[in-house]
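**Q** These are the residues of each chain, in order.
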Amino acid sequence: MRRGALLAISALLAALSVRASEIPPDQRRSGYSFMSSDTKAMQDDDTANPAMLSVLDGEALWTTKAGVADKACSDCHGDAAGSMKGVAARYPAFDAVSGAPVDLGQRINLCRRDHQQASPFPPESRELLALSAFVARQSRGMPITAGDDPQLKPFVARGRELYTQRQGQLNLACTNCHDDNWDKHLAGSAVTQGQPTGYPIYRLEWQGMGSLQRRLRGCMTGVRAQAFDFDAPDMIALELYLMSRARGMPMDAPAVRP
Amino acid sequence: MAAALVNVPAKAKRGAVIEIKTLMSHVMEPGYRHTAAGEVVPRDIVTSFTCKFNGAEIFRADLFPAIAANPFLSFFTTASESGRFEFEWIGDNGFVANASAAITVE
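Chains as they are written, first to last, in the working numbering: chain U, 1 to 258; chain D, 259 to 364.
Rather than coming from a laboratory, the hints here were simulated on the basis of the structure. The model shown is predicted, which means the values in this text are computed figures rather than measured ones. A couple of the hints might just be wrong.
As the list claims (entries may be wrong) - The calculated label-pair distances, taken between Cβ atoms and stated as ranges, are:
#1 D:Asn356 <-> U:Gly78: 21 to 31 Å
#2 D:Thr336 <-> U:Gln27: 41 to 51 Å
#3 U:Phe94 <-> D:Arg318: 50 to 60 Å
What the hints assert, rightly or not - Chain D stretches covered by chain U per the calculated footprint, using a threshold of three residues with CB under 8 Å from any CB of chain U:
#4 262-268
#5 327-340
Claimed, not checked - Partial pick of chain U residues on the chain D-facing surface, computed with a CB cut under 8 Å:
#6 Thr47
#7 Leu53
#8 Asp57
#9 Leu204
#10 Gly208
#11 Gly210
The C-beta atom is built at its ideal place from N, Cα and C for all residues, glycine as well.
Next up, chain D with everything else stripped away, as it sits in the complex (with noise of 0.2 Å):
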């Protein structure tokens, strides 16, 4: 059960500086428990983030254990022309998510 909540403006005025946050469930196993018996619970983290406009990689985040349950992240970007946004999240045990969000710049 992966979801993702993105928030990008639905529009900007060119050149605007604008703000992206986008929040992934994710149920994080930092990897550093062990269980009552004394084997480790193997991590099971998101482990990179990308975040594409266009096609051409924008801001990309590297995730280490221990960091958050369901990370949250937010940056800035400069709204430069109308386009689609492209997210994913990857991470251990093959867990890839993906999701977009279209701008319409003015």
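Isolated chain U, as found in the complex (with noise of 0.2 Å):
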């Protein structure tokens, strides 16, 4: 009886935690789902898909010595292939120094700075995009790890409130697509549920590579909202909020989106 009592208790603890709009774990879809074959198929060649130039600066950047310290990526971090394994689905990360997650993007200027002594790269730089490729392309095929950090916690839920604001002229907040409507389209193209599986991605329409602050932005410009700045907290926790949202999923960096 006091047994039945329990379960009956933490069920509904657990359907009180997941909202009635969540997407159910096993509901979950990464863009490339919703991809026509053609999109898949260059994603899936990595001589058509375009994300593989970047990763190939990337892995050029990463041998190349740089700033005061003269030293490589390579020097600290060795093979990449072994060092660099898991790391991306784990981003955006806690960081201790900060006392606030970070992103990857955030981490390889962090390590620019700490450690080679050289310039931050401009957010969206070519360079930036580059090695974020390269080393997301590391994690490819990964499930992602974000948000386990139990530090992260009040930075998560910063981020879901985020997510549930209603913001902009058009008064949406991300769950209203991302979540109520992503089976339906918005004019021809499909919404997708935001699982952010492929970052930093070739978008189409960019046609060049794009991070998931610069895919952040363009949403937040649609619903004629003030996007956030480029690394700014709420702009990371909303980041860290959507990547454990997709927990558990695999990666598919570099990826190539419409």
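Combine the two chains into a complex, taking the hints into account.
**A** So, in structure tokens, the structure goes:
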């Protein structure tokens, strides 16, 4: 009897912690599954995937010495195939120095500042995207683990708050499209669930590479809201929530998206 | 940072039709855009692509503005003998990039 009551309470708690509109884990779908067969073929073939050009650039940068310290990434981290395996899958991660999460691009720039004593790459620069793509490539096929660190809990909660908060002249929250209407279309395009499995991506609309931050800013502009600045704490919190929401899904970076 | 991705089958049967796929990293500037001050942004594109097999030209393409950034070209040829494909991209502002790939024909 008591055991039955406990089970009932825990089932109730589980139901309360998952809102009705949230996508059940078994129904989560990567943006890849919404794409046309042509675009899928482009992503699947490493010699046709334009994002692989960025990966090649990143591979070259990985071994290029930079900064006052005259060190390359590889001088500390060695072969990225081993040392960077699964790293992108757990970012944004908690940074003990700042006491806040940092995303992969920020981590690369922190490394540049602290260990290479070099100037940071600007957001969305070719170099930063190339290194991010090269590092993300090493996690292809691995499950996303971001947000597992208990220290990140308040930041995940903040990200979720932003995700469910209506904003802009169209007064829409992320959740209104990406949880409630992901199976529908907006003009000719699939709405999708907003699972960030493949960043940085080569987006056909951009004819170039871009980060999750750039994509999020695009969405915010779309609902006529003031887009968050690159690397703003709220931007990182939102990235973190999205990654934790996709926990367990396999990475397909560097992805092609329409 | 010029990088090329080339896909040539490593092996093929004699007489077989094979597909060659190439992707060149190049930031296109079509030459049609203007700055805020009204000046034309100079054109910067890949203008020509050549593929040679064992020294003989087998495929050539001339490219023009507004085709694509990072041009992807794919074409077919017949595997006649083992050898080496050499690829060359030429563009504005002295842009030159090369790549090569070997094939074994059995």
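**Q** Are 3 or more residues of the segment 327-340 of chain D near chain U, judged by a Cβ distance of less than 8 Å?
**A** holds (count 3)
**Q** Does Leu204 (chain U) hold up as a contact with chain D if the rule is Cβ-Cβ below 8 Å?
**A** Given a least distance of 10 Å, the restraint on Leu204 (chain U) is violated.
**Q** Between Phe94 (chain U) and Arg318 (chain D), is the Cβ distance one that fits in 50 to 60 Å?
**A** holds, 55 Å
**Q** Does the closest beta carbon of chain D sit nearer than 8 Å to the beta carbon of Thr47 (chain U)?
**A** holds, 4 Å
**Q** With 21 to 31 Å as the target window, see if Asn356 (chain D) and Gly78 (chain U) comply at their CB atoms.
**A** For Asn356 (chain D) and Gly78 (chain U) the Cβ distance comes to about 30 Å; the hint holds.
**Q** Can we keep the Gly210 (chain U) interface hint, with Cβ of chain D closer than 8 Å?
**A** Cβ of Gly210 (chain U) sits 13 Å from chain D, so the hint is violated.
**Q** Verify this for me: three or more residues of the segment 262-268 of chain D with a beta carbon less than 8 Å from a beta carbon of chain U.
**A** With 3 residues in contact (Cβ-Cβ under 8 Å with chain U), the coverage given for the segment 262-268 of chain D holds.
**Q** Okay, Thr336 (chain D) versus Gln27 (chain U) on CB: inside 41 to 51 Å?
**A** Taking Cβ atoms as reference, Thr336 (chain D) and Gln27 (chain U) lie about 49 Å apart, which means the hint holds.
**Q** Does the closest beta carbon of chain D sit nearer than 8 Å to the beta carbon of Leu53 (chain U)?
**A** holds, 4 Å
**Q** May I ask you to test the interface hint for Gly208 (chain U) with respect to chain D, counting a Cβ-Cβ separation under 8 Å as satisfied?
**A** holds, 7 Å
**Q** Per the CB criterion, is Asp57 (chain U) less than 8 Å away from chain D?
**A** holds, 5 Å
Hint compliance for this structure: hints 9 and 11 are broken, all remaining hints hold.
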